[in-house]
Amino acid sequence: MTTFEAVIGLEVHAQLLTRSKLFCACSAEFGAPPNTHVCPVCAAFPGVLPVTNRQAVEFAIRAGLAAGSTIAPTSRWARKHYFYPDLPKAYQISMYEAPICIGGAVRFSDGGIDKQVRLVRIHLEEDAGKNIHDAQADASLVDLNRAGVPLLEIVSEPDLRSAAEAAAYLRALRSILQYLEVCDGNMEEGSFRCDANVSVRPAGSETLGTRAEIKNMNSFRSVERAIEHEIVRQIELVSSGGTVVQETRLWDADRDLTRSMRSKEFAHDYRYFPDPDLPPLVVDERWTEAVRRNLPELPAARRARFEKELGLPAYDAEVLTARRDVADYYEAALANHRNPKALANWVMESILRIVRERKLDERLRITRWPVAPGDLAELVALIDEATISGKIAKAVFDEMVATGKPPRTIVAERGLVQVTDGAAIGAAIDRVLGANPDKVAEYRAGKEKLFGFFVGQVMKATEGKANPQQVNELLKERLGAGA
Amino acid sequence: MPPIARRISSGFRRSSSEGDRLKVDLSSLTLATAAERLRRRELSSAELTEAALERIAQTEPRLHAFLTVSADEARSQAAAADARLARGEPLSSLDGVPLALKDVFLTRGVRTTAASRILESFVPPYDGTAVARLRARGAVFVGKTNCDEFAMGSSTENSAFGSTRNPWDLERVPGGSSGGSAVAVAAGQCLGALGTDTGGSIRLPAAYCGVVGLKPTYGRVSRYGIVDYASSLDQVGPFARDVQGAAILLEALAGHDPLDSTSASADVPRYASTLRPELGALRVGVPREYFQEGMQPEVESSVREAIAVLESLGASVENVSLPHARYAVATYYLIATAEASSNLARYDGIRYGRRASGASNLLETYSRSREEGFGAEVKRRIMLGTYALSAGYYDAYYGKAQKVRTLVRRDFEQAFERCDVLVAPTAPTTAFALGEKLDDPLAMYLSDVLTISVNLAGLPALSLPCGVDGEGLPIGLQLIGKPFGEQALLGAGYAYEQATDWHRQRPEEPS
Amino acid sequence: MKITREQVRHVAALARLALSAEEEETLASELEAILGYVATLDELDTEGVPPTAHALDTGPVFRDDEVRNGPQVEALLENAPDRAENFFRVPKIIE
Chain P
1 MTTFEAVIGL EVHAQLLTRS KLFCACSAEF GAPPNTHVCP VCAAFPGVLP VTNRQAVEFA
61 IRAGLAAGST IAPTSRWARK HYFYPDLPKA YQISMYEAPI CIGGAVRFSD GGIDKQVRLV
121 RIHLEEDAGK NIHDAQADAS LVDLNRAGVP LLEIVSEPDL RSAAEAAAYL RALRSILQYL
181 EVCDGNMEEG SFRCDANVSV RPAGSETLGT RAEIKNMNSF RSVERAIEHE IVRQIELVSS
241 GGTVVQETRL WDADRDLTRS MRSKEFAHDY RYFPDPDLPP LVVDERWTEA VRRNLPELPA
301 ARRARFEKEL GLPAYDAEVL TARRDVADYY EAALANHRNP KALANWVMES ILRIVRERKL
361 DERLRITRWP VAPGDLAELV ALIDEATISG KIAKAVFDEM VATGKPPRTI VAERGLVQVT
421 DGAAIGAAID RVLGANPDKV AEYRAGKEKL FGFFVGQVMK ATEGKANPQQ VNELLKERLG
481 AGA
Chain B
1 MPPIARRISS GFRRSSSEGD RLKVDLSSLT LATAAERLRR RELSSAELTE AALERIAQTE
61 PRLHAFLTVS ADEARSQAAA ADARLARGEP LSSLDGVPLA LKDVFLTRGV RTTAASRILE
121 SFVPPYDGTA VARLRARGAV FVGKTNCDEF AMGSSTENSA FGSTRNPWDL ERVPGGSSGG
181 SAVAVAAGQC LGALGTDTGG SIRLPAAYCG VVGLKPTYGR VSRYGIVDYA SSLDQVGPFA
241 RDVQGAAILL EALAGHDPLD STSASADVPR YASTLRPELG ALRVGVPREY FQEGMQPEVE
301 SSVREAIAVL ESLGASVENV SLPHARYAVA TYYLIATAEA SSNLARYDGI RYGRRASGAS
361 NLLETYSRSR EEGFGAEVKR RIMLGTYALS AGYYDAYYGK AQKVRTLVRR DFEQAFERCD
421 VLVAPTAPTT AFALGEKLDD PLAMYLSDVL TISVNLAGLP ALSLPCGVDG EGLPIGLQLI
481 GKPFGEQALL GAGYAYEQAT DWHRQRPEEP S
Chain U
1 MKITREQVRH VAALARLALS AEEEETLASE LEAILGYVAT LDELDTEGVP PTAHALDTGP
61 VFRDDEVRNG PQVEALLENA PDRAENFFRV PKIIE
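Protein chains in written order, with the numbering used here: chain P, 1 to 483; chain B, 1 to 511; chain U, 1 to 95.
Don't take each hint at face value.
Stated by the list, open to error - Pairs of lysine-lysine, BS3-like flavour, derived with a Cα cap of 25 Å: (1) P:Lys394 <-> P:Lys465; (2) P:Lys460 <-> P:Lys476; (3) P:Lys449 <-> P:Lys465; (4) P:Lys130 <-> U:Lys92; (5) U:Lys92 <-> P:Lys80; (6) P:Lys449 <-> P:Lys460; (7) P:Lys476 <-> P:Lys447; (8) P:Lys394 <-> P:Lys460; (9) P:Lys215 <-> U:Lys92.
In case anyone wonders, no lab produced these hints; they're calculated from the structure.
Generate the whole structure from the sequences, applying the supplied hints.
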């Protein structure tokens, strides 16, 4: 029986975080009432002309440099023609033969998958508006707010071999774009979209099989499931003597399958030609170098640094650098108190939990953290100084989140300073042992699990503030000593 | 047959119906002289505008130069202009001057149709840049003039709303596509007008109607707000009685527009104030390919006479060659139609324009709206252009044409190494008869043979009257300049004009 | 070269023009004549000649990333042949 391998290439459309649209001065912001971010230019009235948003071009250069692409000194806008109500000009201004970025690659290391995926190209194009089909029975409604918003199209080579790899690539790419602050990577809101080209071939073969294009995958999970499903479908088809048809298939999340799009009556002849309303896009060395100088440290490099220089385990480094704002937060805390592992734990277990619960991470950058990084650092410092115990620290943290007060203030106000005075602890131990003579006798007779009881009593007697290690030591001593 | 008598009038004529009341006669004024009289308050804008509106009312039944007459707006513009002139605060030399606009210029609040059914009721929400600039200078707009539908044609017969007639002979075409604007100036319905020129659409009607028409260098005037035909060829330009009028309008229109990525940043010279009757040492080139057989003999002789006049004024004349001239029409009709098929794809009846009734699905909405809304010539060009861009044909047609275009440009570059200005007829014949070329699209296309190369090369060119033929029909002289060489063009035209009388000729009034 | 009615139909579909049978026939012969005429361009050797995509070299032209347009819904929708509140309305699109 033949074993098959899957060959997958991904096409990502990332909406750019410019204030205005690609070719006009309308707002590019999401979520406005219908047709309020529209002007004669993006509504394709007669007589209008496009003018290129410089920032969108700069974002494309940033992305290209981050991926190690070649930035084309001259690229060309091209018209791509098709008729659809959400495309007012009946052509999309895109790039065809001369894209702005050529080649490049995305490296990622994700849950055991360590890989480099080459890019074919990156180019700029304008987004289409939205058709709304379910508001009226016999009509569709058109909202052009999104028409003209700048998109970056990122095309990968078919280097991916599994649905899991595809998802990992997407996460890595999204992370890079977020780090660059060119896209907020929100798949659910549609600012980060993905189409997949999937084919199969006998393992070891060099030739590519016929591919199907999969669309309508609206989340990372959908992408993984859709690709998995398509691979299985194609393998079953080919194994039973059938052939894969080159077509577009839509992922149906409700029914868990891909289905062929039959509605396209005409084969697409996009009739590409260079847009005569726009001069060639010239990007000189000076501009490229200026962008390169201002590139932030990218996720892969940052993760490597966290592992090597901070000694964090791979998992921690991965979680902390998945988002730039989280990594920045972590390092801001670290700058105040250098305990990488402890801070990593606090951020991952406590901070990020609250962030997720409160959905603070829905935008590109978290602006309101549950706790300020400096305060988190102070908390860990208090533990390291043995001013408070780890257990008390959790209570302090909760109050920090609730009140916004810094830890030292809370500790002072509530008198939570750890008791480390041996004499005081000793005295408390003596009181507890004195109040429970029979239990002491039982312990000494061999009932060792009563130790926990005594610890609990001592902690109660000291309002939880006794230093646990000292309690253990002294208790052992006192109990160990003979009657 | 003797040539039609040319009237040279003093500026006023007795009204036939109202005894001694003196009436302003726009036919005897030029833009510059009217502006001067406004400034000196010898005339008011209201008087000029009223005269224009009356003239329009009187002549439109036979000429049909206008699609929309905006009388109310014009009167209120005139009143505002008069207020400013009274205070001695004119916005410019155009303040209060009545002008007309080809109906491809978007005018806020005033219907703009491009002479097409598909835009029959379209009222734009904005002014194009050319219109806005003139408005900001106080110009008065009397209305929107007829043209070939979507500026596609050489005779104005492709208008969906009827042809415009040539005031020199009502059975003849005024030329196209900007026929209405040329007639409006020729017939004294206004003092100046705007048109667009993609393959000769200002120059040809200027020649056929005996007025001055200028196509500026590509990029000299903003294209923002004109209904696009062919983006890499379209250019906005003025019609006027004389070169000075054209120069005044050009100065108002020219200059960089941040809304048009193809508009030039080059400085705008003071075109109007630098005109001199002396020619200076002008080097004139005569392209031999533009004097081929098939040309009407009187056209050739008039143009040769004009060249002799230039020589007598001090120009040196030499023959030049534009070897690729005979490929220009073919090149143009591939590039222009390809770009047009793309630019007209937005007319789908969804956001504006005519939507076919009874369309039961989306596809029908598109196809029937466009089928019903577009005329035959427009459909022909959309089909040709779509074909030229379609899969498998791009390299052979559009791709090839763009390369030949480079060869055409190089021809001119070489000619301009030795010359400042090229001279030729504007058209091989004078105005042809209505209906004469309608059955033969190719024959119609060939009317543009002398003007089309200029658009391919992006050069400026001026057409001005240089004679009449045996039927009394005007003959146009074409001057072609270097990129941004409008000053030399206007200078040569002005010198020629001052040495001759052709710009004073007027069509006879019908009895 | 011959232009068939099939080809005319195909191009008309691409251009979204619902031509009548008569128009198809007329256009077939007209296009044939015009294409026959433009075939003269094949006489020219254009090897190595760059295409003129733009008549004027303006250099790159950009806009600052500023929002300058406010909502203008009425102005944009008032010419619409069919609307529903602030949407453009079209016959139902079936995916």
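### Task
For the pair supplied as a hint, P:Lys460 and P:Lys476, confirm whether the alpha-carbon distance does not exceed 25 Å.
holds (18 Å)
Q.
Please verify whether P:Lys394 and P:Lys460 have alpha carbons no more than 25 Å apart.
A. Answer holds: P:Lys394 to P:Lys460 is near 17 Å, not above 25 Å.
When you check the alpha-carbon spacing of P:Lys215 and U:Lys92, does it fall within 25 Å?
Answer holds: P:Lys215 to U:Lys92 is near 21 Å, not above 25 Å.
P:Lys394 and P:Lys465: Cα distance at most 25 Å? holds (13 Å)
Report task. Verify the proposed pairing of P:Lys476 with P:Lys447, using a straight-line Cα cut of 25 Å. Result -> Given pair P:Lys476, P:Lys447 holds - Cα atoms ~14 Å apart, limit 25 Å.
Requested in this report: Mind checking the alpha carbons of P:Lys130 and U:Lys92 for me, to see if they're no more than 25 Å apart?
Outcome: holds (13 Å)
Exercise. Within 25 Å, alpha carbon to alpha carbon, are U:Lys92 and P:Lys80?
Worked result: Holds - the C-alpha atoms of P:Lys80 and U:Lys92 are around 24 Å apart, at most 25 Å.
Taken at face value, is the distance from the CA of P:Lys465 to the CA of P:Lys449 at most 25 Å?
Holds. P:Lys449 to P:Lys465 sits at ~22 Å (cutoff 25 Å).
Holds or violated: P:Lys449 and P:Lys460, Cα atoms, limit 25 Å. holds (18 Å)
Of the hints listed earlier, there is not a single one the structure fails to meet.
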